Amino acid sequence: MLKMPAPDALVLGRREEIVAALRAIVPGEGVIAQAAALRPYESDGLTAYRQPPMVVVLPETVAQVSAILSWCHAQGVKVVPRGAGTSLSGGALPLADAVLMGMGKFNRVVEVDYNNRLAIVQPGVTNLAITRAVEERGFYYAPDPSSQIACTIGGNVAENSGGVHCLKYGLTTNNVLGIEMVTMAGEVLRLGGRHLDPAGLDLLGVMVGSEGLLGIVTEVTVRILPRSETARAMLVGFPSVESAGQCVADIIAEGIIPAGMEMMDRPAIHAAEAFVKVGYPLDVEALLIVELDGPAAECDHLIEEIARISGLNGAMTSRISTSEEERAAFWAGRKAAFPAVGRLSPDYYCMDGTIPRRRLPEVLRRMAELSEQHGLGVANVFHAGDGNLHPLILYDANKPGELERAEEFGNDILRLCVEVGGVLTGEHGVGVEKRDLMPEMFSQTDLDHQQRIKCAFDPELLLNPGKVFPTLHRCAELGRMHVHRGEVPFPELPRF
Amino acid sequence: MHHQPTSADDLAAIITDAAARGARCEIRGGGSKAGMGAPRDAEVIDMRGFTGVVDYDPPELVLTVRAGTPLAEVQRLIAGEGQMLAFEPFDHGPLLGGELGQATIGGVVAAGVAGPQRLTMGGARDHLLGVTAVSGRGERFVAGAKVVKNVTGYDLPKLMANNWGRLAAMTELTLKVLPRPRATSTMVLEGLDHIAAVRAMACAMGSHAEIGAAAHLPGAEGRRALTLLRVQGFAPSVTARCAILPDLLRDHGAARLLPEEKAAALWDAVRDVTPLADAPTLWRISLPPFSTPALLDRFALLGARWLLDWAGGLVWLAHDGDATEIRSAAAMAGGHAMLIRAPEPIRAAIPMQHPRQSGVAALEARVRRSFDPAGVFETGRFLDMPHAD
Numbered sequence: 003m004l005k006m007p008a009p010d011a012l013v014l015g016r017r018e019e020i021v022a023a024l025r026a027i028v029p030g031e032g033v034i035a036q037a038a039a040l041r042p043y044e045s046d047g048l049t050a051y052r053q054p055p056m057v058v059v060l061p062e063t064v065a066q067v068s069a070i071l072s073w074c075h076a077q078g079v080k081v082v083p084r085g086a087g088t089s090l091s092g093g094a095l096p097l098a099d100a101v102l103m104g105m106g107k108f109n110r111v112v113e114v115d116y117n118n119r120l121a122i123v124q125p126g127v128t129n130l131a132i133t134r135a136v137e138e139r140g141f142y143y144a145p146d147p148s149s150q151i152a153c154t155i156g157g158n159v160a161e162n163s164g165g166v167h168c169l170k171y172g173l174t175t176n177n178v179l180g181i182e183m184v185t186m187a188g189e190v191l192r193l194g195g196r197h198l199d200p201a202g203l204d205l206l207g208v209m210v211g212s213e214g215l216l217g218i219v220t221e222v223t224v225r226i227l228p229r230s231e232t233a234r235a236m237l238v239g240f241p242s243v244e245s246a247g248q249c250v251a252d253i254i255a256e257g258i259i260p261a262g263m264e265m266m267d268r269p270a271i272h273a274a275e276a277f278v279k280v281g282y283p284l285d286v287e288a289l290l291i292v293e294l295d296g297p298a299a300e301c302d303h304l305i306e307e308i309a310r311i312s313g314l315n316g317a318m319t320s321r322i323s324t325s326e327e328e329r330a331a332f333w334a335g336r337k338a339a340f341p342a343v344g345r346l347s348p349d350y351y352c353m354d355g356t357i358p359r360r361r362l363p364e365v366l367r368r369m370a371e372l373s374e375q376h377g378l379g380v381a382n383v384f385h386a387g388d389g390n391l392h393p394l395i396l397y398d399a400n401k402p403g404e405l406e407r408a409e410e411f412g413n414d415i416l417r418l419c420v421e422v423g424g425v426l427t428g429e430h431g432v433g434v435e436k437r438d439l440m441p442e443m444f445s446q447t448d449l450d451h452q453q454r455i456k457c458a459f460d461p462e463l464l465l466n467p468g469k470v471f472p473t474l475h476r477c478a479e480l481g482r483m484h485v486h487r488g489e490v491p492f493p494e495l496p497r498f
Numbered sequence: 023m024h025h026q027p028t029s030a031d032d033l034a035a036i037i038t039d040a041a042a043r044g045a046r047c048e049i050r051g052g053g054s055k056a057g058m059g060a061p062r063d064a065e066v067i068d069m070r071g072f073t074g075v076v077d078y079d080p081p082e083l084v085l086t087v088r089a090g091t092p093l094a095e096v097q098r099l100i101a102g103e104g105q106m107l108a109f110e111p112f113d114h115g116p117l118l119g120g121e122l123g124q125a126t127i128g129g130v131v132a133a134g135v136a137g138p139q140r141l142t143m144g145g146a147r148d149h150l151l152g153v154t155a156v157s158g159r160g161e162r163f164v165a166g167a168k169v170v171k172n173v174t175g176y177d178l179p180k181l182m183a184n185n186w187g188r189l190a191a192m193t194e195l196t197l198k199v200l201p202r203p204r205a206t207s208t209m210v211l212e213g214l215d216h217i218a219a220v221r222a223m224a225c226a227m228g229s230h231a232e233i234g235a236a237a238h239l240p241g242a243e244g245r246r247a248l249t250l251l252r253v254q255g256f257a258p259s260v261t262a263r264c265a266i267l268p269d270l271l272r273d274h275g276a277a278r279l280l281p282e283e284k285a286a287a288l289w290d291a292v293r294d295v296t297p298l299a300d301a302p303t304l305w306r307i308s309l310p311p312f313s314t315p316a317l318l319d320r321f322a323l324l325g326a327r328w329l330l331d332w333a334g335g336l337v338w339l340a341h342d343g344d345a346t347e348i349r350s351a352a353a354m355a356g357g358h359a360m361l362i363r364a365p366e367p368i369r370a371a372i373p374m375q376h377p378r379q380s381g382v383a384a385l386e387a388r389v390r391r392s393f394d395p396a397g398v399f400e401t402g403r404f405l406d407m408p409h410a411d
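In the order they appear, the protein sequences are chains A and B. If you use the numbering used here, the first sequence corresponds to residues 3 to 498, in order. If you use the numbering used here, the second sequence corresponds to residues 23 to 411, in order.
Since the hints were derived computationally from the structure, they do not count as laboratory data. Some hints here could point you the wrong way.
[Said to hold, decoys possible] Derived coverage of chain A by chain B (criterion: at least 3 residues anywhere in the stretch with Cβ under 8 Å from a Cβ of chain B; other residues may be distant):
| id | segment |
| --- | --- |
| 1 | 11-21 |
| 2 | 39-47 |
| 3 | 76-84 |
| 4 | 113-119 |
| 5 | 183-195 |
| 6 | 430-437 |
[What the hints assert, rightly or not] Here are some chain B residues the structure puts well away from chain A; computed CB gaps all over 10 Å:
| id | residue |
| --- | --- |
| 7 | 35 |
| 8 | 63 |
| 9 | 115 |
| 10 | 121 |
| 11 | 148 |
| 12 | 282 |
| 13 | 370 |
| 14 | 372 |
| 15 | 378 |
| 16 | 383 |
[To be verified] Sample of chain B residues with no beta-carbon within 10 Å of chain A, all distances over it, derived:
| id | residue |
| --- | --- |
| 17 | 81 |
| 18 | 94 |
| 19 | 101 |
| 20 | 124 |
| 21 | 145 |
| 22 | 291 |
| 23 | 294 |
| 24 | 299 |
| 25 | 332 |
The structure presented is a predicted model; accordingly, all values stated were derived computationally and were not measured. Virtual Cβ for every residue (Gly too), placed ideally from N, Cα, C.
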């Protein structure tokens with residue numbers, strides 16, 4: 003089981019003083035200290051782990067964020083940032099001796115700049131609310147994580163969130179132009195802006211996906227795109243996972259990058275159909291949902307092409323949406339896949355690895371063996387275009403030892419992903435969930451190069467500690483240099 | 023001294039030794055951009071010993087290649103599979119008085135080079151998935167991965183793209199490659215001034231025409247100004263999208279289709295900045311497109327020449343005037359100005375990159391020190407070393 007850094011008794015003993023200091027910065031109901039009121043914050047979307055925070059603070063202004071961080075920095079108090087708390091990897095899991103900073107009150111769309119095709123929003127604005135704010139003029143914000151009605155753009159920046167359309171339209175990092183952020187020392191910095199490719203090192207690129215370890219985002223500038231004229235979906239069933247996988251490769255080899263391309267395996271298809279009854283074929287081993295967007299002429303052309311390619315790959319069934327309702331119905335099953343699987347089993351555990359697509363049949367075969375070995379079922383949904391797997395492991399938390407077995411099964415799946423040339427996480431983040439698996443993918447030298455970035459941003463390691471990296475090295479230790487004959491090269495340069 | 027490592031071990035030994043000697047090293051591919059930045063006297067680590075493709079499986083959309091491989095060779099290889107580097111990198115050689123064909127893949131990524139398509143398809147940063155490199159510590163490390171979707175750990179490939187050899191020497195790069203569009207058409211509007219051009223381009227960009235690239239070449243002797251809109255994709259789609267433009271842009275002028283060969287030559291000229299290749303001093307200003315007209319108004323009076331890319335969000339400005347004035351105009355417009363080419367005395371005094379806000383500059387310096395504590399890669403090229411301030 004997961005170990006979090008041991009709470010600092012000294013800090014715990016100063017709780018009242020810390021609460022008072024926070025109240026001096028954020029008046030009224032912006033500081034939550036009562037035990038019962040802290041409970042809603044004790045976990046995020048990874049509900050297997052719970053820990054009430056020491057205190058919650060909900061700032062409303064950048065000046066407050068800066069004052070809180072600056073005070074905590076001076077006092078050596080840890081801070082865990084939180085958006086909507088939808089993280090599936092425990093990125094916002096509180097610490098017993100840390101202040102939890104909720105950014106929900108930063109909920110304003112600051113400006114929509116249609117001329118430059120961008121929107122400036124506060125971090126607590128939900129992903130979908132950005133699209134809502136710009137859709138009257140036919141625009142939208144492209145990354146669409148499945149939690150988009152609830153998750154906030156600040157959290158999306160922290161996690162570099164994706165979505166079903168990210169093969170064509172990119173992840174958060176490809177759609178953010180600039181941020182305002184506050185460092186742990188309380189310094190307010192602007193990275194990027196309303197233009198492309200800011201000068202100097204791409205610090206914005208490192209901030210996106212840094213899981214709340216490097217700074218707290220207080221404003222985000224995103225690109226907005228004109229909504230496509232039409233979107234249509236196809237539902238294609240295959241006799242085997244291999245043939246469906248080959249079809250995906252052939253579609254891409256033909257130069258087609260669909261707006262979305264999802265695959266479901268037999269258990270996932272059956273679970274989804276039983277739940278939403280949208281007419282998914284039940285006699286197939288794999289189902290592809292392919293969405294095309296663009297002008298009608300493009301959709302028509304590509305649908306014909308994909309029908310031809312799937313025919314060559316032995317497709318057993320093929321349906322093409324003829325209305326928005328039908329397109330929505332094709333997606334309904336996929337979008338309900340998690341709750342549908344949830345009906346098969348008291349609990350499920352959602353994994354998130356990426357593999358080279360060509361290894362899919364092998365990975366699914368070995369996953370079936372692991373399923374047998376661990377005695378737990380698994381259903382697979384898969385962002386087929388980019389090789390991002392979401393195995394759903396079925397278990398019952400009330401049966402002693404099953405959660406542990408589910409986690410071990412999950413870890414084996416992720417090890418398998420890395421073994422075939424893939425990665426531990428495609429879009430959910432490392433958080434606490436995959437933290438201890440990091441050495442499967444990176445050597446200690448690789449990890450040290452990453453952790454020194456943390457030292458450049460937050461040398462005291464006060465911001466969201468215990469996430470992403472399996473071992474916390476003190477920065478002085480990481481910064482150690484090999485000194486030749488006692489001479490320090492370039493004595494005029496500052497050392498950190 | 024000129025080092026020519028052929029393995030990561032060689033490279034690590036060279037860097038470790040340089041750190042111990044207190045030497046400074048410039049990481050160099052083909053040297054096509056060596057003329058940028060301040061004159062300097064550093065040892066050169068020539069990366070052209072690292073060549074060749076490590077892995078390329080076109081349907082996976084992933085290419086792993088050694089850093090010193092010539093850009094032209096990479097582009098030829100993937101074009102053979104109907105694919106492209108969507109950020110449209112180009113060779114700076116001719117622009118800086120050198121030969122064509124020297125640029126390497128590692129060099130263009132390390133310099134964040136991107137062409138007209140950057141507007142809609144992203145820059146080098148958006149297509150660099152993974153890296154193997156040796157940092158200023160003389161340590162070999164891996165960052166990112168070899169799959170198109172990955173959020174494991176900090177996104178170090180973003181830092182490696184556009185690091186200008188200041189953090190690490192990349193030996194191997196994994197890039198996302200995309201299908202090359204099957205059809206390309208370019209619509210043109212003639213005779214617009216820069217204000218009208220920026221408006222017309224914004225109008226097209228906000229439409230269903232899904233413009234891939236938008237540029238503006240001002241009029242010159244005997245030639246009218248050209249505003250170019252590139253539409254790419256499958257033929258039926260390209261036809262349909264071009265067809266909506268004349269009506270959509272009615273208020274801006276008469277949009278017409280350009281003959282394919284002529285269009286291709288114009289896009290090459292925009293990407294390679296050939297119309298301004300004779301200018302002694304050349305700036306590259308990235309800014310919000312709608313801030314461009316006011317910025318140009320100011321420099322038009324001073325006799326500057328320019329061309330616009332990225333729907334007006336990129337200004338190539340040929341102007342010998344006061345650098346401080348250009349930098350402050352770019353900053354006021356919400357952007358930044360990079361000095362691409364200038365006579366040596368100017369490059370010795372004016373930093374190539376736009377200076378950053380002090381907090382950001384300090385953070386950048388800390389990040390650089392974390393990769394390169396001994397300052398092996400601090401060659402003086404960027405005029406922002408602590409002792410040079």
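Exercise. Once the closest CB in chain A is found, is it more than 10 Å from residue 101/B?
Worked result: 13 Å, holds
For this session: Closer than 8 Å, Cβ to Cβ, for at least three residues: run that test on the segment 39-47 of chain A against chain B and report holds or violated.
Result: violated (count 0)
Exercise. Should the label of residue 372/B as a non-interface residue stand, given a Cβ cut-off of 10 Å to chain A?
Worked result: 13 Å, holds
Problem set entry | Residues of the segment 183-195 of chain A with Cβ under 8 Å from chain B, three needed, outcome | With 7 residues close enough to chain B, the hint holds.
For this session: Report holds if the minimum CB distance from residue 124/B to chain A is greater than 10 Å, and violated otherwise.
Result: 23 Å, holds
Exercise. With d taken as the least Cβ-Cβ distance between residue 121/B and chain A, does d exceed 10 Å?
Worked result: 26 Å, holds
Exercise. Is the Cβ of residue 115/B more than 10 Å away from each Cβ in chain A?
Worked result: 21 Å, holds
For this session: Mind verifying the non-interface call on residue 332/B? Its CB should be farther than 10 Å from each CB in chain A.
Result: 6 Å, violated
For this session: Would you check whether the claim that residue 370/B is not at the interface survives, using Cβ distances to chain A and the 10 Å cut-off?
Result: Correct as stated: the minimum Cβ-Cβ distance to chain A is 19 Å, above 10 Å.
For this session: Confirm or reject the coverage of the segment 113-119 of chain A by chain B under the rule of 3 or more residues with a beta carbon closer than 8 Å to the chain's beta carbons.
Result: The restraint on the segment 113-119 of chain A holds, since 5 of its residues have a Cβ under 8 Å from chain B and three suffice.
Exercise. Minimum Cβ separation between residue 35/B and chain A greater than 10 Å?
Worked result: 13 Å, holds
For this session: Take a quick look at residue 291/B and tell me if its Cβ sits farther than 10 Å from every Cβ on chain A, holds or violated.
Result: Holds, because the least Cβ-Cβ distance between residue 291/B and chain A comes to about 21 Å, which exceeds 10 Å.
In terms of the numbered hints stated before, the structure departs from hints 1, 2, 3, 11, 15, 16, 17, 21 and 25, listed from lowest to highest.
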